[in-house]
Amino acid sequence: MNNPPDVTQDSKEYEEYAHGVQKHVRGYLIVGATLLAFTMITVALSYVDFGAILSSLFHTNLTSTQGRKANIAVAILVATFKAGLVGAIFMHLAAEKRLIYRILIFTGFFVLGLFWLTLLAWYDFPIFR
Amino acid sequence: MEIPYTVSTRPDTGLWNAKIGIWLFLASEVMLFGGLFSAYIFLRIDAAPGMWPHGVLNVPVGTFNTCILIMSSVTVVLAWAALKMRRYRAYWWYMLATISCGIIFLVVKLAYEWPQKYDHFGIYIKSEALGKYEQYLGNAYAAEKELPPRLEITGHLHNPAALTDPNIKEYEVALDPLNADPTNPSMDRPHFLPLTVTHKIATIEKADVERATMFLPTHNAYFASYFTITGLHGLHVLAGVIVFIYMWLPVSKKVYQRNPEHLANRVEVSGLFWHFVDLIWIFVFPLFYLL
Numbered sequence: 001m002n003n004p005p006d007v008t009q010d011s012k013e014y015e016e017y018a019h020g021v022q023k024h025v026r027g028y029l030i031v032g033a034t035l036l037a038f039t040m041i042t043v044a045l046s047y048v049d050f051g052a053i054l055s056s057l058f059h060t061n062l063t064s065t066q067g068r069k070a071n072i073a074v075a076i077l078v079a080t081f082k083a084g085l086v087g088a089i090f091m092h093l094a095a096e097k098r099l100i101y102r103i104l105i106f107t108g109f110f111v112l113g114l115f116w117l118t119l120l121a122w123y124d125f126p127i128f129r
Numbered sequence: 001m002e003i004p005y006t007v008s009t010r011p012d013t014g015l016w017n018a019k020i021g022i023w024l025f026l027a028s029e030v031m032l033f034g035g036l037f038s039a040y041i042f043l044r045i046d047a048a049p050g051m052w053p054h055g056v057l058n059v060p061v062g063t064f065n066t067c068i069l070i071m072s073s074v075t076v077v078l079a080w081a082a083l084k085m086r087r088y089r090a091y092w093w094y095m096l097a098t099i100s101c102g103i104i105f106l107v108v109k110l111a112y113e114w115p116q117k118y119d120h121f122g123i124y125i126k127s128e129a130l131g132k133y134e135q136y137l138g139n140a141y142a143a144e145k146e147l148p149p150r151l152e153i154t155g156h157l158h159n160p161a162a163l164t165d166p167n168i169k170e171y172e173v174a175l176d177p178l179n180a181d182p183t184n185p186s187m188d189r190p191h192f193l194p195l196t197v198t199h200k201i202a203t204i205e206k207a208d209v210e211r212a213t214m215f216l217p218t219h220n221a222y223f224a225s226y227f228t229i230t231g232l233h234g235l236h237v238l239a240g241v242i243v244f245i246y247m248w249l250p251v252s253k254k255v256y257q258r259n260p261e262h263l264a265n266r267v268e269v270s271g272l273f274w275h276f277v278d279l280i281w282i283f284v285f286p287l288f289y290l291l
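Chain order of the listed sequences is A and B.
So for the first sequence, my numbering puts the first residue at 1; every next one is plus one.
So for the second sequence, my numbering puts the first residue at 1; every next one is plus one.
Keep in mind that the hints were calculated from the coordinates and are not lab data.
Bear in mind the structure is a predicted one, so any value in this text is a computation, not a measurement.
Possibly wrong hints are sitting among the right ones.
[Unchecked claim] Over 12 Å on every C-beta distance to chain B, these chain A residues come out as not near it, computed from the model: (1) L54; (2) S56; (3) L57; (4) F58; (5) H59.
[Stated by the list, open to error] Which bits of chain A does chain B cover? Going by a derived footprint, with three or more residues having C-beta under 8 Å, they are: (6) 37 to 45; (7) 75 to 89; (8) 97 to 107; (9) 110 to 120.
[Claimed, not checked] Chain A is faced by these chain B residues, among others (derived, beta-carbon under 7 Å): (10) V30; (11) S73; (12) V74.
Ideal Cβ placement from N, Cα and C applies to all residues, glycine included.
Please work from the sequences and hints to get the whole structure.
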């Protein structure tokens, strides 16, 4: 399901190429259906109290606030998986030119830095905690 | 002057120019939304117990809009594939489907979801008066169950005149189910399905009120970040729809007739933007609606 090759002017080769695109289309539909399914899954999972499940599994007693963190982790995992599908297939990142990966590595570095700054702010006012 | 490398690849980068352009733009978009999401995280972890509301958005409607956006991502990639296969008619229909999905998303957001919030009223009670409204808050029950404290009474304001008239000394509120029956165990976890306001009316004296507003950005940090992020996201959807309409109009057929690859590349680039907007929503939906 990579980016199809650049189009050619030769009619015989073009036919082969169009056939290749047709195969991609099937992949796009499958990914679309998967994304819809996972939307339903993430909604369904939000009704599950993972805190209660963890509590009974490990014989502890998590408060509702602690338990919610488990739900957050699950939901973010599902969302990341969905985002990965969109990026890899719809945005053709599964097979892209090296320059684009380079741009994205820089982006990832800076956006993680941004989130890290938020983390630092957490330690800014110890008087409140 | 003709713009170079709109179709052919530039030898040193191995790409046509617009593709690098859109990816650089998306990189800046990642930083823009990244800033807002980190603000969301900060506000949320910093919220005092009981100050971050849960289950106040309409989950079925949010799920519907998520599906609409995902389907539009599929149709735009199909539109692009149709152009690659030189099927202009199919392209035209897929594009129309994409535009319609974008418009449906915006209509649901602006005509239904947001106005529902402007219509909902929340009252934060002063800490010293919390005991007085125990029958609506159930804080003793919440403490026993180790639930976060309940500081707010929500519902529909029955006497809107109270907002402006200083002679009216109290708010009359048709209560939300949680406040109508606070010790019901089914209210322990916030409810995601839309719950209708009950007929139970509470009278809350203005003297006991810390602050009271409709569910507007000023109401609390949750609604401030909700309206900011979904608002900015909505603007992106609007921008995408405008670009797609341009590519769907007969003007763009001329581009197709001159060089079909040129239009295919334009659609690919705007499609990349559209997928990015979809990707942002994939995170917005659980963060605001479900968690």
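Here's how the hints hold up against the structure:
no.: 1; hint: L54; verdict: holds (15 Å)
no.: 2; hint: S56; verdict: holds (16 Å)
no.: 3; hint: L57; verdict: holds (18 Å)
no.: 4; hint: F58; verdict: holds (17 Å)
no.: 5; hint: H59; verdict: holds (17 Å)
no.: 6; hint: 37 to 45; verdict: holds (count 4)
no.: 7; hint: 75 to 89; verdict: holds (count 8)
no.: 8; hint: 97 to 107; verdict: holds (count 8)
no.: 9; hint: 110 to 120; verdict: holds (count 6)
no.: 10; hint: V30; verdict: holds (5 Å)
no.: 11; hint: S73; verdict: holds (6 Å)
no.: 12; hint: V74; verdict: holds (4 Å)
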